[in-house]
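Peer 1: Residue numbers (the UniProt record's numbering), protein chains in the order written: chain A, 1 to 784; chain B, 1 to 166.
For the record, the hints were derived by calculation from the structure and aren't laboratory data.
Note that this is a predicted model, so its numbers are computed, not measured.
Virtual Cβ for every residue (Gly too), placed ideally from N, Cα, C.
Do not take every clue at face value.
Part of the chain A face toward chain B, derived, beta carbon under 10 Å [unchecked claim]: (1) R171; (2) F180; (3) A535.
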Amino acid sequence: MLEIEIDGKKLTVNQGITIMDAAHTAGTHIPHFCYHKKLSIAANCRMCLVEVEKAPKPLPACATPVTDGMKVHTASPLAKKAQAGVMEFLLINHPLDCPICDQGGECQLQDLAVGYGNSSSRYQEEKRAVVGKDMGPLVSAEEMSRCIHCTRCVRFTEEIGGYQEIGMANRSEFSEILPFLGKTVNSEISGNVIDLCPVGALTSKPFRYATRAWELSRRKSVSPHDGLGSNLIVQVKQNQVMRVLPLENEDINECWIADRDRFSYEGLNSAERLQKPMIKFDGKWHETDWQTALDYVVKGLNGVANDHGKDAIGFLASPHSTTEELYLAQKLARSFGVNNIDAALRRSDKRVAAAQQGALWLGSSIVELLAAKSVLMVGSTQRQEQPLLASRLRQSVKKGMALNVIHTSDDELLTRINAKLIVSPLALVNALAQVLKAAVEIKSASTTLDLSAANVGAEARAIADSLCAAESAAIVLGNVAQHHPAFAELLSLAQEIGRVTGARFGIAAEAANSVGADIAGVNPQRGPLGKTVSAGIGVSEMLAAPRKAYVLLNSEIEADAYNSQQAVAAMKQAATVIALTAFKGEALLDYADVLLPIAPFSETAGSFVNMEGKLQPFNGVVRPLGETRPAWKVLRVLGNMLNLSGFDFNSAEDVRAELLAHGDIAAALNNQLTSVAANVVADGTLVRIGEVPMYQADAICRRAESLQKTAAAAAPVIALNPQDIAKLGLEAGQPAIVSQGEAEVRLQLVADAAVAAGAVRVAAAHPATQALGGLFEPIQIKRG
Amino acid sequence: MLSAQSLAKIDRELAKYPADQFRSAIMGALRIALVERRETGNTPEERCLNADVIEFVANYVGIPPVAAYEVATFYNMYDMKPVGKYKLTVCTNLPCALQGGVNAAHYIGEKLGIGIGETTADGKFTLLEGECMGACGDAPVLLVNNHKMCSFMTREAIDKKLAELE
Ligand code: SF4
Ligand code: FES
Ligand code: FES
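Generate the whole structure from the sequences, applying the supplied hints.
Peer 2: As structure tokens, this is what we get:
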């Protein structure tokens, strides 16, 4: 511990910290631009100069380590003169175009210029001008003359984004911030550079010139996309969401958010928003009032129940719905006598629900996962699934975590991988079994699973070594594993490896409320907080053996199901499809009979339970659009109209309170399966890798225009290993035809060495591939 | 894009640095790439660096292309624009300037009929200003084609040098 003094205040601080950090602990503000607590020290803006006694010149606070007995003056005449001098230099080449600058009102340069600058400039000479750059559809770099070369954006892409996509070219007066010639910035978390840029050089393309910062009100919210549960500040004006910024939460998203969280709000204002209830009769859609629409729904449900029995009805709820909506949906279904309800829409393995003993979750807190010394990610296209978690894992790798991967494609994770097994989806179980077998050997343990078909390879052994040696280890199953038809086996094996090695295991929840859905009881086998209920069937059976009526909550089943081909067929044959939805999508208009406009997360109070089991409540940030109503209210009214009891809630909080009265969330989280089975034999069939692209994950981001213009949203292709292309007599760069069942889809074929042998990578959930079948099922390919 | 010999030279550069500092090899790698292009290029454009070459070299060394571009545009010796057969870089930084560096540059310009930053019509000479070459004691100094240093460049020495380069 060192004794120092800042502006006369005595402090005891740790050795090795900088004057800037010490000042923060003392609550003293030192002006700065290039310093950022999450980035490396660049010390290139010089705004933070302070006077240090016995030092001959002012020193940069952000880069000067404290020494014992140091006496710092942050606002002495010398310090102030230095700071004013730096400010004058910074403004020499700055265009001073605040009146037409998008950053105006929230610009650090503007703010500090007020405090440290002069009211007029002594500089009369020519200013330098820098031409704008194209960084892609999200980040605008039109006005690079405003740049003060703090290099925050450069350091962000390199250190947090994992790959330096922005650089500072040239030297001295000619320095320019730019992406590599002809390239755009494609990081899935690129939007954070907008927040980082202390001036108006990098701004948000979708938000530009929409409004002034001071006209916006700030409301707290939670991301409705992935299972991380990033905290948001949603900024609104005149009842419209104008932009989304991160709300700092060190345990979840730090001070960042993914581009999907930041730019998806465009979808909320999409022209496809459903604003009035609609009913289809005579094959045409008619707008109607709520009463008529609800009567129609009640008649429909009663009709099917009377004619075909309650088992002929199925409830499919999106895991992007709020906990309250999900709780009420299952309450309505079950009180009405329908047990077929599910929210794990893309899960194909029905055995999991039968063997579950609690809600599947991460198995630890996010912070604990990141602190683990060894992590094995199984079946996770990390950067697409939870972009920010992938970034946080990269930070952990820098601090010494050994990251191991078992996956179907050798994707670029922009970090050091300790060991990896890249196999066809059919061999995923075998790969994990190899790790178990190796771990059993290392630990001289035993297992009741039959592992005779698993031949331990070097990589599997390295993974097992890493898990066994680490003092804290974790196994995490991603979306590919969770959607996989052998999810039960994968989870059982993870459980067994956990038992043998002491590693924690769990899943990286796919959607914002995947865990919450299970907690709320939207599970065919389990009620709210694990309450016993009469079992129904899950989504895979509801679609395989079609029902007469479906109730869809927030779901576009053609893009949300494991097998979209089957899902659409099931919808089309149904006597009635009742959709509670915020959007009137094309497919929905085709197969649904009645559309009830419900509020997206921004227009209703509710909560999401993130992957670590943390319930995060939020309020609506704007009023519901048009005649839209929060889904919990719609379900409440429906409950009453169906003469069910217990549907008198006054608020979403009431609904939540009733759910939580059933017990404790933490106690309801459990990844253990009752029966452990493992079929580890793999055969050589050509099989599809059908991942859900980042910006097709849910109805909101599907409609976010700017996100849809990014490289990550490009039209799907068929990707195959070059060896397989040669073996199958195909030609890369040409179109090819893939087929599953009856349907054929013609797409461009690309050679990608990252794809496992024996696998055909064709993205799912995209309109171009919705005709296809199961995500990880056999697939045929031929020349097209 | 580069010959096997050049790649072998880049491998040697890579071997010079500790594993965690391999990216430093980009400087040598870009130099090697430029030398090959100067020697084998058919047009002035083919005799200097461009985005494709930089991207290739960056990927070969294993760093992001934009990081290589930062290096290539920071140092004058990496030619990003076409230059003549002989690229003359005269140091005009302060110590040299005090010893006649600027005059030397102007004298060359007069003799060749070009200004600083220009190339003679026959494509033979390009005249550039350079930054301190660490040889201030020998001022005025100039560099021929990035690799050959000439010291004490008085008018006579310049006349002689230009005659040699005919
Ligand atoms: S663009 Fe913004 S963040 Fe990047 S260096 Fe310039 S001022 Fe800093
Ligand atoms: S903040 Fe210290 S030099 Fe920029
Ligand atoms: S100033 Fe010219 S070589 Fe140093």
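Peer 1: Check each numbered hint against the structure and report the violated ones by number, ascending.
Peer 2: When the structure is compared with the hints, only number 3 turns out to be violated.
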